[in-house]
Amino acid sequence: MSDRTSRVGFSCIGALLLAALLPTTARAESPALRLAALPEVAAEGRQLFVLQESITFECSEPTRYELSCDSRGELTVDNPSGQPIVLTLEVDRRASRVELDGASLPLTSPEGRDVQIATAEVPAGTSRLVVEIPGAYRLDGRPSGDIFVPALVTRHPLLGDTMGDPFSAEITLQSVKKYRRWGRVDDTRVALRYPEGWRWEPSAESAGAPPACPASGTPPDGLEGCLRTLPDGDLEAVWTFASPDRSFFARSVALTRPGGVVFNGGPVIGTGFAIGSGCRFCRESFRAWVGYEIGVTAHAVIALLAEYSPTERVAVVPVVELALLPQMSAIPAVTAGLGAPVRVWPKVDPGIRLQATVAWSLWSTFSLGVVLFSDLFPFVEQDWYPLFGAGIQLGV
Amino acid sequence: MHTNIHVHLFSADHTPPAQLYYMLRGALHSAARGLLPKLLGRPITSDDLRRFDRSMDRFDWPWPVLFQLASAAGDTFSMVDVSRLITMFRTVSRASQSDLRAALRVDDRETQADLLKGLLARTAEHRRAGRPLPFRDALCDVVKELYDAHEAKASIYGRVTQEELWDKFKNSPGADQYQRVIALSVNFDEAFLDDNLPGLSSFAAIEFADQIAELEQLAAKNNRGSGPRLLPFLGVDPRGHNARTLSEFVRSKVGKTKPFKGLKLYPPMGLLPTDDRLRPVFDYCQDEGVPVLSHCTVGGAGVRGSSRTFADLAHPLKWEDVLNRLERRAREQSTKMFRLCLAHFDRLEDPDDVSWCDELMGLMRRFDGSGKVEVYSDIAFDVVTGSSRKRYGDNVARVLDHGLGDRVLFGSDWWNYLYECDDESAFVSQLDVDRGWWKSADFDTAADKFLQDV
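Going down the list, the protein sequences come from chains H and B. Counting from 1, position 306 in the first sequence corresponds to residue 305 in numbering that gives the first Met the number 0; the numbering is continuous, with no gaps. Counting from 1, position 390 in the second sequence corresponds to residue 389 in numbering that gives the first Met the number 0; the numbering is continuous, with no gaps.
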C-alpha cells in the first residue's frame, strides 16, 4: 500500500501564517514503551505466566524543562511445567540491566532489530525478572528546540534559557500484557514518581490528577489510580489493574511544568537613527541605547532602556512589547508594543513610543533585532515630531 | 495486462483502527509539511518532522486559523478527497454512506471544507477541555466513530470477509482483463502495539492467523473454478518469532505446492530486511524461487505521522546487504533465482524531495539476474498520485530507457487506490496520461519472470 499525499499546498497567505506558530512544544524522544521483558517467541512465552507485573517510573528534572524518567519493570513469572525453560527475551534497546532472580543476564544487539536480547533459563516455579531502562522516557520542552522559536526566545538569548509557556506532554504507560507474548498477566501495578512542581493536565484518558490514595496506599483496581506525596516531597501516582480477559493496563498521563510569570532576561545594546529629526543620518539623528529586558509569561517582554542622542541627550524608555509571531528559520520573530520615553536631561519631558521589533536568534547565543520606533513628545514644540527611527539591537 | 501483482483483500476487520488514523493524519499533514523545506531554507530532517508532527498534534495558534483559511479556500487546499475517503471505507467496511458522513461531519456534498470544519469543531472541544494534543484526539474521535459505525453493522451482518472483497474486485470495471491476481496479506498484529491512541485499538478485529486462514481457503476455492487465479502472498513480520520458528512458519505456508506463492514484507511497520530472523526465510525463498514483494515508499500504512523513522525502514538500500549476501550464496551453492519486487517505484513527493528512484534503479541494474538475484519494481498506486504523476512517469520512463522494462510489474493496489481513482479501468486509463511511457513496459513478461517458479 502507499500513502496518500496532497495535491496542492497551502496558499501564500497560509505559508506566511504557518511561520507564526506556537510558543513551546514539548518533545518526547522515542519513548520506551516495552517496559519489561518480552519473550522473543510468542509461542514459547505463552507457556509461562506473569503472576505480578510491577512497572515503576522514577522521574527527575535535570533542567527546568526536562523530565527524565527511568523505568524498572519487574515480573513475577510462573513456570508451571516443572522443568526449566530456556527463553530468549527481548528488551528495549536502552535497557541497561536485565536480571533473573538477582543474576544479571548478558545483553546482545541482534542485526537489523531495534531491541536487545538476553537468554534466560527460567526455573520451574516462580522467578523474578527485572528490566531497568535509564532514560526510558525523556520530555524535552526547551522552547529553542522547536521548529518555531517563540518570539521571546529569539528576543533575548537569556530569556530563551529560562522562559516558556507551560508545556504538557503525555507519558504513555503500558502493560506487557498488550504484546500477548506471555501466557497470562494476572496483576499489574504501575507507579509514576515525579518531582513536585509538575501538574496533571486533562488528557484523553483522565480529567486531571487521580484522587488521593487511601490510607492503605493501594488504589482501587482500574485505570483511575491514586496519588500520594512521598516523604521526600515527590509525588507518586499508583495504579493496580487485574483482568482475567485480554484487556490490559494502558494509559497516558499528561504532565505540565507550570511556567513562572516573570523571567529574567539580560542586557541589550543598540544603535540607530531617528529619521525626521531635521536631517538624515547626520549627527543629530544618531541614537544609541543600552538596557535590560525581562519576560512576562511567554507573551510579553519589558525593557528599560537608557537612550542617548545628540539632540535629546538622555532619555529613559520603558517599553512593553507583545509577542506576535515566532521565528521560523530566516523568518524573524515579531514583537510590538508601547513605550514611554522620558527625556531626563537637559530637562524632563514625557513622551509616547510605538515600537516593533523583528528579531532573529543566532546560534542560541545572540539575539539580533531590528527595531522600528516612532516617538511623540506632546509637550515639546518641534516640527519634526513625531519622528521615526530604526536601529539594530543586540541581546547578549 | 494479464497479471495484477498488487491487490489487497483484507478489510476494516483485518486492519486496526490505528492504521486508519495514521493514514488520515498523513494526508492532513502532507500539505503543510510540504512547505517546511521552503520555510526552513534547508532540507528537513527527521527531527524537524518529529517536531512538526508534535506541533500539529497540539494544534496551537495559528493552526486553527490556517485550517479555517484552508476551508475557505476550498479546492485550493486539497488534502483529503472526502468522497473518495467515504468510498474507500465503504468498500472495506459495513458502514453506510450516511454513517460515514456523520462521523466526518459532512453533508451530502461531502466537501473538504466541511470535513475541516468538523475537525476544527472537534479540536476546539478538546482544546477547551485542556487536552494537550487536541488535534490528535479530534482525529482519533473521527476514526473511532467510523469504526463504531462499522462495528454496529458488523454485529448484525457479520464481519467483512476477503471473499466479499474478492467479489467486489472481480466485479470492478476493468478487472476482467486479469488472468492472475496477487493478493497481499499484511500482518498488522504487532504493527501498532507501541501506540496508545485514545479510544482506538491497536488490534484488528480479525487476527493475522485468521486473516491468512481465510485467504488460504478463498484461494483454494477460487482456483478450483474458472476466472482469474488468485495467488496469495504471505505477510511476514518476524516479531513474535525467532529465526527457527519464523522459517518453519514460512516453509509450512509458502511454496509452489503450498497455499501462499510469495512473501509480502511491510518494513514501515517496524522491521528491517536485515533482521537476522529473516535470513533463513530469504534463503528458503532463494532455494525455492519464492518471489518476495516489499513495500518501498516513504509513506504507507504503518508510517507514524511525518517522521522518517518508520518510512526509512522501507528504503531500497536497506536491501543491499541482503541482496549481496544472497548473490554470494548463489555463487557458493546451487539455488534458484531470488526475485524481489520493491513496490511502488517510489514517487517524488517526499517533503524533502529526496527520491528513492535512483537508488531503486541502481539496484535494478546491479541485480539483473546474472548473479541469481533479480530486483523488480511495480507501479502500484503511485502511478495515479496527483501532482507527482508527471515526474513519476518520467522516472519510470528512465527505467524503461535503461532496458529494464521486463522488470517493471503491473499492480494497481486495489482497494487502496480508491483514494485516487474509481476502478481498474480508471487506474489503467491513468497510464495514458503524460508520455505514454508505459507502452514500452513489458508488464506481462515481467510478471511471467517474477512468478516463474510459482
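Since the hints were made in silico from the structure, they are not lab data. Be aware that one or more of the hints could be misleading.
To be verified - Partial pick of chain H residues on the chain B-facing surface, computed with a CB cut under 10 Å: (1) Gly44; (2) Glu110; (3) Glu169; (4) Glu204; (5) Ala253.
Stated by the list, open to error - Which bits of chain B does chain H cover? Going by a derived footprint, with three or more residues having C-beta under 8 Å, they are: (6) 107-120; (7) 126-137; (8) 235-245.
Unchecked claim - Chain H regions said to be covered by chain B (calculated; three or more residues, Cβ under 8 Å): (9) 32-42; (10) 57-64; (11) 175-182.
Ideal Cβ placement from N, Cα and C applies to all residues, glycine included.
Okay, the hints, checked on the actual structure:
For H/Gly44, the interface hint holds, since its Cβ comes within 10 Å of a Cβ in chain B; the closest pair sits about 9 Å apart. The restraint placing H/Glu110 at the interface with chain B holds, with a minimum CB-CB distance near 5 Å, inside the 10 Å limit. For H/Glu169, the interface hint holds, the least distance from its beta-carbon to any beta-carbon of chain B being 6 Å, beneath 10 Å. The beta carbon of H/Glu204 is positioned within 10 Å of a beta carbon in chain B (closest approach about 6 Å), and the interface hint is therefore held.
With 10 Å as the threshold, the beta carbon of H/Ala253 comes within range of chain B, its nearest partner Cβ sitting at about 5 Å, so the hint holds. Coverage of the segment 107-120 of chain B by chain H is violated. Counting CB-CB distances below 8 Å, 0 residues qualify, and the rule asks for three or more. Only when three residues or more bring their CB closer than 8 Å to a CB of chain H does the claim for the segment 126-137 of chain B stand; here the count is 6, and the claim holds. With 4 residues having a beta carbon nearer than 8 Å to a beta carbon of chain H, the segment 235-245 of chain B meets the requirement of three or more and the stated coverage holds.
Given a C-beta distance limit of less than 8 Å, the hint that chain B covers the segment 32-42 of chain H holds, as 6 residues qualify and 3 suffice. Residues of the segment 57-64 of chain H with a Cβ under 8 Å from some Cβ of chain B number 0, which does not satisfy the need for three, so the listed coverage is violated. A stretch counts as covered by a chain when three or more of its residues have a beta carbon under 8 Å from one of that chain; for the segment 175-182 of chain H and chain B the count is 3, and the coverage holds.
The structure fails hints 6 and 10 (numbered hints given earlier, in ascending order).
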